[in-house]
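Chemist: One-letter residues, chain by chain:
2 protein chains.
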Amino acid sequence: MKASQYLIATQKETPADAEVISHQLMLKAGMIRKVAAGLYTWLPLGLRVLRKVEAIVRDEMEKAGAQEVLMPGIQPAELWQESGRWSNFGDELLRLKDRHQREFCVGPTHEEVITDHMRNELHSYKQLPANFFQIQTKFRDERRPRFGVMRAREFLMKDAYSFHVDQQSLDDTYDIMYQAYSAIFDRLSLRYRAVQADSGSIGGSASHEFHVLADSGEDDIVFSSGSEYAANIEKAEALAVGPEGELCTDAFTGHIDSSGMPAAESVSTPGVSSIDEVSKLLNVSPSATVKTLLVEGAEGGLVALCLRGDHSLNAVKAEKLDEVLTPLTMADEAVIEKAIGCKPGSIGPQSLKAKGIPLIVDRSAAVIPLFTAGANEEGRHCTNLNWKRDVGEDFTVADIRNVVSGDPSPDGKGTLDIKRGIEVGHIFKLGDKYSQAMNASVLNENGKKVVMTMGCYGIGVSRIVAAAIEQNHDEAGIIWPEALAPFTIVLIPLNYQKSEPVRTFSDDLYSQLRARGYDVLLDDRNERPGVKFADAELLGIPHRVTIGDRGLAENEIEYRQRNDTENRSIAVDNALNFLQTALAHPKTGERLIVDDAAAEGQSK
Amino acid sequence: MKASQYLIATQKETPADAEVISHQLMLKAGMIRKVAAGLYTWLPLGLRVLRKVEAIVRDEMEKAGAQEVLMPGIQPAELWQESGRWSNFGDELLRLKDRHQREFCVGPTHEEVITDHMRNELHSYKQLPANFFQIQTKFRDERRPRFGVMRAREFLMKDAYSFHVDQQSLDDTYDIMYQAYSAIFDRLSLRYRAVQADSGSIGGSASHEFHVLADSGEDDIVFSSGSEYAANIEKAEALAVGPEGELCTDAFTGHIDSSGMPAAESVSTPGVSSIDEVSKLLNVSPSATVKTLLVEGAEGGLVALCLRGDHSLNAVKAEKLDEVLTPLTMADEAVIEKAIGCKPGSIGPQSLKAKGIPLIVDRSAAVIPLFTAGANEEGRHCTNLNWKRDVGEDFTVADIRNVVSGDPSPDGKGTLDIKRGIEVGHIFKLGDKYSQAMNASVLNENGKKVVMTMGCYGIGVSRIVAAAIEQNHDEAGIIWPEALAPFTIVLIPLNYQKSEPVRTFSDDLYSQLRARGYDVLLDDRNERPGVKFADAELLGIPHRVTIGDRGLAENEIEYRQRNDTENRSIAVDNALNFLQTALAHPKTGERLIVDDAAAEGQSK
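Residue numbers (my numbering), protein chains in the order written: chain A, 1 to 604; chain B, 1 to 604.
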């Protein structure tokens, strides 16, 4: 591509409303433009990257035996009513009426549509397993769309849906998809991790998320130092630990005998409500305190959730408890004052049961022999509390906290570490959630009608572009892995308009590289060299060649990789050979390892 | 692809609600499935065809210098309010509100969005011309979606928008796009015609439609026998003609002197209202009658449109008249009776002016010396009417009729013929309609701010698939041109499950063809041969090879083209060579001409 005939829409200013670096760089590099909140146009340069991701995703899906389909973006309400999601999907489902006042939605996902098709098309176990994917535009009416295409309302997604006669077949296809996803992120050269995940509102029995690792990620993902265990923090199991993070067996949870221990004591703590303040005032470690959160109960009333003072509540885990209302809703301060007689900062687990408030105690809170907590009296706390003696044994012990760095791994091997990730893929064992609701069944080997078992598998195609930038950039701009780069190489001729030798050499090298299938950008614009270099770095083009009169006079051109800090002189005669070893192969993506000495030897 | 691992969703029954053959065949062949009125899912087999069309369109657009972008499907109301189309686009624009009650539409076209971007990105004539295209899902809320993907509500479209500093530059790009469209339809091997067209509601100064020729087409397109002239009937100019279709010069229109002619006479025609009935009863040729249609006026009241009895009104032409309300609205019968005193079937042009009804007379009606028309009295007609004598000279003569076969060509060369076409492409010179309304300007060579001139260029990608079938099918199914075929060749092994030689040979041929880049379907299903042959014909796969034990024993396989009626024996040793000459090249689409004698010579 010649830059003079291409929309290079770079900007110098960092856009004021772009919070994250990928959003800033995509705007500055002229990859995208905003049309409205959460709605973006992909300009030519950005679309080239998006299409490269799309092609790799499609290729690996096909290799994995999935068949491509294309379902409509607008979906009829009837199907969503059948699955039950029309009423319970929430405000992210953009509902609308057509000219005949019939109800539709702009599809955020396609479980209903594909299940409707496949209950008609699939009749026999002989047709199974079958796996269908599409690469299609989705819409989710986010309350607060942000971070550019990272959390847009309209976005490009690869979604796949598999159908099975039994669980074993689902497990097999799930593994195949897990491998296909790994192959995709390998080919994209991204640093990523697959982690166990919560299945959330999509439902189902098991799921994994694929995260691109980046400090700016919105998710905390958890790894074991001693095994392959990895999970989203929403899902990662927290064991009972002591003050130093050491594993405690559950056996004594909540039943630690108080013989010989000091008696509980109510102390005045005026104006003190946070765990930090209590710890300091009373000189106790936060790990020896218990905080009590009152939330709304599933059947009305309140429920108390008790955590060690230095731990944080895991809302996803709490929502799984029968007693707790979903979505998790903190009790109103006025309601708390009326029920308990004090503000939230002075609540403790004692005597709540007597008020009819069920008590759920986190595993690590339940193993503290003596702890400090609110006294259920304004401006007072209790020290030396013992669960058995001072609270009673009538409470539930559960895992309701987030793991912290240093926690023991739930598989018993090593300790946990936490990193930030951007979720770019999610695979689910759906089971029969949709096939049951929509009566999608086939005849099995015995001629018996069985409801199909399903899996579903998503990849955020447009989000991958932003995630790749979050992971790969510097102060000058984007640093594309070659598989994603809009152009693999940029040729920067100096004085192209006036110098005949520069123009001839540049045009010739451009043609030769193009003929070999490389994505080349020839920056033939009538701009200062500084502008061209800055744009090349901002756009993140992996390889750069500079062609000038002075170099050509000495039979040299200058080469630099986007990550390098210095140019390297390459002999003119050797230029094409050198570039063919330096650049990834345009079809296979493979690269010959550049022998620096050999290359240098051939340069002047 | 192996059929056993592919969704071959063929159906025997012709679907009751499919009116046209392409819709029937797309359903029967398992290419598409209906989700709701005008909303379809593309199943794997159909999507393969759609993607082939898409790839050819993209390739030719890029060759023509257009840059690909991707704009959102959901568009904010503000942009449409700026262009003025929010209020006047009509009910096909699906309007909706997001969770914050902000107004959006599901985009039926993207003039507003691209103009918004380009008024920000383009600043100088140096950046022009620039042409941007996308292949994107559109939505039009058709009142009566029908004919499957031919007139769906959601459909895949290639739309392109070009920006220019002046008319000459637009003309140049328009010509380039005209050539690119021709190249696309040539590559698709469709019989098509480019015709002059009316610009309609999109606006602009000139436009051409590209039609795939098919008897089932919804449009009448008009050709000259003596020149390149071709136009949509909406646009084709009708000259003044005499009773035999001979050209009449306009000079005498409406002014033919009545000296020596018989006087007008009112005759009783009880219960007679149609032209046919009047002609029979009074024994006059329909071409010597005039029918008068009363329509609503642009500023209220009625307007009379007079046509020769055997001609039909052209609504698009009528709507261009200042006097006539747009959209064209026939006057209510009650209103007519009140104004004239008779039913519509008895109206004539006489005395209408006196009632304040403007008179517009078609050119060919105005040249009839003596004509028969309604008497403006219930159950009566007038014969021997002369315009000058009996109507007066105070009327407008205009072209308001559809041309008919045999009319003289408006360019003076030859006569006109009419065929049916399916509109699959439309190119427009928009001029400054959108750039003016949205203030999209650049600095020209003299540093002066000028509003950009625009063109826009559409192709109905999904509609092409249906149009290709309308043009290419027989009673057994689809007959794909190779460029569109979901698979180029199908291998049909007989007794694949049990015969080791058949399986080995088939698998081997399959692998060899695939390795050479051909789209091969191996029908390894455990089905009767009859089922496989019928499916191969229904799916329209251009080449078919049958492999059986009996043939292999004699070192032969059977080959047949979809259009042939008989098999042809090919020597096993020569099979691969033969197929490589018979099939179009998988990359270039070129085909070696099969020398029948040579091929036969090598078969047994």
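By construction, these hints were calculated from the structure, which means they are not laboratory data.
Computed from a prediction, not measured in an experiment: that's the story for all the values here.
Check before you lean on any hint, since a few could be wrong.
Because identical chains cannot be distinguished in the list, a pair is counted as satisfied if it fits within a single copy or across any two copies.
[Claimed, not checked] Heads up, simulated DSS-like pairs for lysine-lysine below, C-alpha to C-alpha not over 27 Å straight-line:
no.: 1; residue 1: LYS448; residue 2: LYS355
no.: 2; residue 1: LYS419; residue 2: LYS126
no.: 3; residue 1: LYS126; residue 2: LYS2
no.: 4; residue 1: LYS353; residue 2: LYS12
no.: 5; residue 1: LYS320; residue 2: LYS388
no.: 6; residue 1: LYS498; residue 2: LYS587
no.: 7; residue 1: LYS587; residue 2: LYS449
Chemist: Checked against the structure, which of the hints given earlier come out wrong?
Modeler: 1, 2, 4, 6 and 7
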